Amino acid sequence: MKETKYKLTLCDGTACIQNQSKVLHQALEAELDKHGLRQSVSIHLSGCLGICQKGPVLIVNPGYIMYGRVQVEDIPEIVESHLVRNKAVTRLIITEDHLYNRFFRIFGDVDFFGKQMRICLRNCGVIDPENIDDYLSLRGYEALAKALESMTPEEVIAEVKKSGLRGRGGAGFPTGLKWEFTAKQTADDKYVICNADEGDPGAFMDRSAIEGDPHTVLEGMIIAGYAIGAKKGIIYIRAEYPLAIERLEKAIAAAREHGILGANVLGSDFSFDIEIRLGAGAFVCGEETALIHSIEGHRGMPRPRPPYPSVKGLFGKPTLINNVETWASIPVILLDGGKWFSTVGTETSKGTKVFALAGKVHNTGLVEVPMGTTLREIIYDIGGGIPNGKTFKAVQTGGPSGGCLPAKYLDTQIDYESLAKAGSIMGSGGMIVIDEDSCMVGLAKFFIEFTQDESCGKCTPCREGTKRMYEILTRITEGKGQPGDIEKLERLGEMIKRSSLCGLGQSAPNPVLSTIKNFREEYEEHIHSKKCRAGQCAAMLSYTVNVKCVGCGACKRICPVGAVEGTRKEKHLILQDKCIRCGQCYEVCKFDAITKA
Amino acid sequence: MSKMITIYINGKEYKVEPGQTIMQAADTLGYKIPRLCYHPKLSIEGACRVCIVEVEGQRNFVASCAFPVSDGMKIKTNTAELRRARRDIVELIVDNHPMDCHVCERDGNCELQRLASSMGIRARHFAGERKRYDKDLSGDAVIRDPEKCILCGRCVRMCSEIQQVHNLTQSHRGFNTVVTPAYDLPMAESVCTACGQCINVCPTAAFLEKNYTQELFEQLNDPDTIKVAQFAPSVRAAIGEAFGIPAGANMEGQLIAALRKLGFDYVFDTQFAADLTIMEEASEFLERVQSKGKLPMITSCSSAWMKCLEQFYPDLIDNVSTCKSPMSMQGAMTKTYFAQKMGIDPKKICSVAAMCCTAKKYEAARPELMFDGMRGVDIVVTTREIAWMIKSAGIDFVNIKPEQPDHPLGLSSGAGAIFGTTGGVMEAAIRTAYELYTGQTLVDIEVESVRGLKGIKEGSLTMDGQEIRVAVAHGLGNACKLLETVRQDPGRYHFIEIMGCPGGCVGGGGQPYAAINTIPLDDEALKKRAQALYDLDRGKTIRRSHDNPDIQKLYKEFLQHPLSSVSHKYLHTHYKAKLPVGIVPKEAKQIEVKP
Chain A
3 MKETKYKLTL CDGTACIQNQ SKVLHQALEA ELDKHGLRQS VSIHLSGCLG ICQKGPVLIV
63 NPGYIMYGRV QVEDIPEIVE SHLVRNKAVT RLIITEDHLY NRFFRIFGDV DFFGKQMRIC
123 LRNCGVIDPE NIDDYLSLRG YEALAKALES MTPEEVIAEV KKSGLRGRGG AGFPTGLKWE
183 FTAKQTADDK YVICNADEGD PGAFMDRSAI EGDPHTVLEG MIIAGYAIGA KKGIIYIRAE
243 YPLAIERLEK AIAAAREHGI LGANVLGSDF SFDIEIRLGA GAFVCGEETA LIHSIEGHRG
303 MPRPRPPYPS VKGLFGKPTL INNVETWASI PVILLDGGKW FSTVGTETSK GTKVFALAGK
363 VHNTGLVEVP MGTTLREIIY DIGGGIPNGK TFKAVQTGGP SGGCLPAKYL DTQIDYESLA
423 KAGSIMGSGG MIVIDEDSCM VGLAKFFIEF TQDESCGKCT PCREGTKRMY EILTRITEGK
483 GQPGDIEKLE RLGEMIKRSS LCGLGQSAPN PVLSTIKNFR EEYEEHIHSK KCRAGQCAAM
543 LSYTVNVKCV GCGACKRICP VGAVEGTRKE KHLILQDKCI RCGQCYEVCK FDAITKA
Chain B
140 MSKMITIYIN GKEYKVEPGQ TIMQAADTLG YKIPRLCYHP KLSIEGACRV CIVEVEGQRN
200 FVASCAFPVS DGMKIKTNTA ELRRARRDIV ELIVDNHPMD CHVCERDGNC ELQRLASSMG
260 IRARHFAGER KRYDKDLSGD AVIRDPEKCI LCGRCVRMCS EIQQVHNLTQ SHRGFNTVVT
320 PAYDLPMAES VCTACGQCIN VCPTAAFLEK NYTQELFEQL NDPDTIKVAQ FAPSVRAAIG
380 EAFGIPAGAN MEGQLIAALR KLGFDYVFDT QFAADLTIME EASEFLERVQ SKGKLPMITS
440 CSSAWMKCLE QFYPDLIDNV STCKSPMSMQ GAMTKTYFAQ KMGIDPKKIC SVAAMCCTAK
500 KYEAARPELM FDGMRGVDIV VTTREIAWMI KSAGIDFVNI KPEQPDHPLG LSSGAGAIFG
560 TTGGVMEAAI RTAYELYTGQ TLVDIEVESV RGLKGIKEGS LTMDGQEIRV AVAHGLGNAC
620 KLLETVRQDP GRYHFIEIMG CPGGCVGGGG QPYAAINTIP LDDEALKKRA QALYDLDRGK
680 TIRRSHDNPD IQKLYKEFLQ HPLSSVSHKY LHTHYKAKLP VGIVPKEAKQ IEVKP
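Residue numbers (the working numbering), protein chains in the order written: chain A, 3 to 599; chain B, 140 to 734.
Everything labelled a hint here was simulated from the structure, so no lab data went into it.
Please read these numbers as outputs of a predicted model, since none were measured by experiment.
A virtual CB, placed ideally from N, CA and C, is assigned to each residue, including glycine.
Any given hint could be a false lead.
[Unchecked claim] SDA-like mimics (lysine to any residue), calculated; alpha carbons at most 25 Å apart, straight line: (1) A:Lys532 / B:Gly267; (2) A:Lys319 / B:His305; (3) A:Lys314 / B:Val233; (4) A:Lys319 / B:Gly616; (5) A:Lys319 / B:Pro157; (6) A:Lys482 / B:Val233; (7) A:Lys186 / B:Gly158; (8) A:Lys490 / B:Met258; (9) A:Lys314 / B:Ile534.
[As the list claims (entries may be wrong)] Selected chain A positions facing chain B (Cβ under 8 Å, derived; list incomplete): (10) Gly299; (11) Lys314; (12) Gly318; (13) Asp455; (14) Cys461; (15) Arg493.
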């Protein structure tokens, strides 16, 4: 075996690839050749580390030095200084302080990881996702071996029940119970499905989990197959995730080669295989019955439940559907015990949850935290707070179906019940931070525009109702709101929530209802005073010239409708009835002489 | 019987059978929960959300059409919140619907109209953008008006579940959802079989027959044309419903009188041609049996089935009888035998058929059916259209004095009458074939095994020691099932009857809309219409086609004998494979590309 002095790990997640990590890889190899270091330095690729904001990320071991935002120009310096002279390049190190996490020793002094706890993402960034040996070396497939060798299917289900794990797809149904229901059904065929149809705007938990550690998802599914008596697993993943698909394919092929998938799994009497089905990207196909229709070759539309998929699912057979994150938690539960898992989290919500942190926050990216962590800890400690000295206004959790929570809820604990009580949902883990620059009416409009567009069109409340809500919100943001519009939104919203066929419709009004509840005054200002305090609703802005005007005429020249009057070197005037509020004068003025209000 | 369970509806305790939905249980208890997308013959869609109720312990309202009852369940059907939600849901449907009720074909007969009225929608709170689509008028028989569509999905389920044609589906998403044929093809190019069952189940006017009433009124007012009418057996059994008469009344005499009052010079009866069809078809069958020809022989009267055959079962074309349908035979005899007899130029005849069927409009336009450069039938109107014309012309249909059809194409046997119901063609054919084959008269002529609404019916009879096994399917879905059996086991049957519509022609796509408090294609109504035809049969002295003296005369004077060359020219046709768009024939796939 060749001896290596340094082991480099280059993050190969989608975000880092977009930031030219492939080019870095080449440059690194060339530089190593130049210094004749190819024998003593090895380069490994890893899945997404989650710290995408700082990507591309390069880790040098030993020493756990983590470099961030590495550019091609930095490579010679890193090689020459760190690898040749053993002197770290301090300016590139992602610093900040300590770490006390059992899964995360190796990532050293990075605050981003400080409050995180990685169960689902435990191997992401640690192993090479395309190398099954890497997974095996970190106790990979040991949980499966344990289940097959020493546990009955009932014992496996009991362990999952003991863990208190709840579905990570959003609804939070107890996973063990779901397994039990499906196991109890007698049928000639049963199916296990992994729901990887992640569709929330800005969410990429499932994608990263699969890209970084595909085997753990497979392992969870195989264990479930054994527990419920299924021989066939299907991963439903959207076609827009090519890297995740490629890695899943490689992982499935490797698992088959190693006797982990196929006939007689690990030499046992149990046989199981997994295939991949690609979704075309409809948001509603994340709903389990729509997903099943889509796999069956039908239009992806939900159907009424009951019967639940555990009784009558894919091709009419009992079917167990769980989300990627749920599957990724299973091997840990079997290895470390349901009891240990249940020590993490709160009374009703156990384990950890992955969030895609986005919006007006310093550190955007993926974070996995124990249930019970507060919103404040995620936004300020892990996320590093709000940039540019702006004030926190709200946080939107649960994706387009979630609610907006204002500052008074910052100390809300993350768990299914607390978030619901505050007026939002866990959802699949979107978390968008909003600062004072955002208009809450506009935000509600944005989300309802998304859901009304993604509505499958089957049930009346969702198809027609969300469209009407969108129309009302549009007219409010255009300064044409009428008295009574808020009440109409509330009336429609409540009806849609309680009457819609599936989860999409039942949660679609949440962003609107929660912003009305928490920011009603902004709605009232829009309707009655025709004012948008965030200055986002163009129709309500007025542009005026202030005393700083030197009469340069730039605004007059750029105005497309001739709404600016004034002679040279004298203060100009904007004719309000002509102005179309395009904002070009504001942009062009070099003297800060145009006031936007 | 399983153990009864207790449920509470609006605080009242009831004992009900387990295993049913809330709606089913409520229906038996005197509660008619408002509904729209639900139809008992179709799968549960749960789409319209009109039938929502409150169930204690459920966070949201539940759709009563889909939710099963359970012991101790507390249901509320009429709370203030529920009433408001239901009202708002129906308003949302109405808001996206053209408010042109007064000029709509279904004004006064529209489920949405009735529902909106009973929900008390007297103002519109949420009106906004409305969907805009062009009408699809491409088809010969069925036209689509997506603007009227309220996306209940009944047509989609009817087309796929009952008819197994799978022509219709929802496409696009959200507010832009619209029901279209595959690839958004125009109806004329789609796999639509023109059966018109989508029209029957549509609660609004999103599907309609292509209307020929104005053309017909123009013809009726033209002094230079000879106006000749024929009407199908099941038109008489259903047209009364359009005038408020309960299902099952035979209105034959009234219809004949009304057609004369509308301006027809001659009113014939398609039942005459049904007898003629039996002469040809039974003879063809016997010829196939005797000369070891292709069996099973399959009937060819149903136009929707013709299109279904050519599209989906081209491999069975040789099994299908070459006989034209009774309507087309009647048309052919009108323009040949009748015209010659009367010394009329056939080009001056306007041959009109009042049919229970929409697909007959498609059939009449089939070029394969033309002879001497003419169409046998110039205009086809449905039962609905002719009923409207009678109303529009101010004819007192209910109180009119019944009249008799004209000769020589008006007299019919009881066998011709039962053509209108599933199993009827088979029964009529057996009556004649038995006698032609054995030379003896079949005594027990009511063939119970092929009667009734069972999807696929089987029977057998012995003719001179030879067992003849027959099967009957109604509705294209049942037909598909039966034909799969034929593909697997071609020797299983000798003779098969297929009718494209559920219940046969009595359930045709052109029959009157369901009246208030009834549902489209209700089995009871279908049975009553069929019974009217069976009663008609029983009331006739002549109950076998070959005993019809006018038929005998027709052969003597014009056709010579069944399957003669004259018969072949005017009464028989052919079919050819017409594969659906996007389906490549097997031979084409095997073309090798040489390097």
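For this structure, which hints from the list above don't hold up?
Checked against the structure, the hints that fail are numbers 3, 9, 10, 11, 12, while the rest are satisfied.
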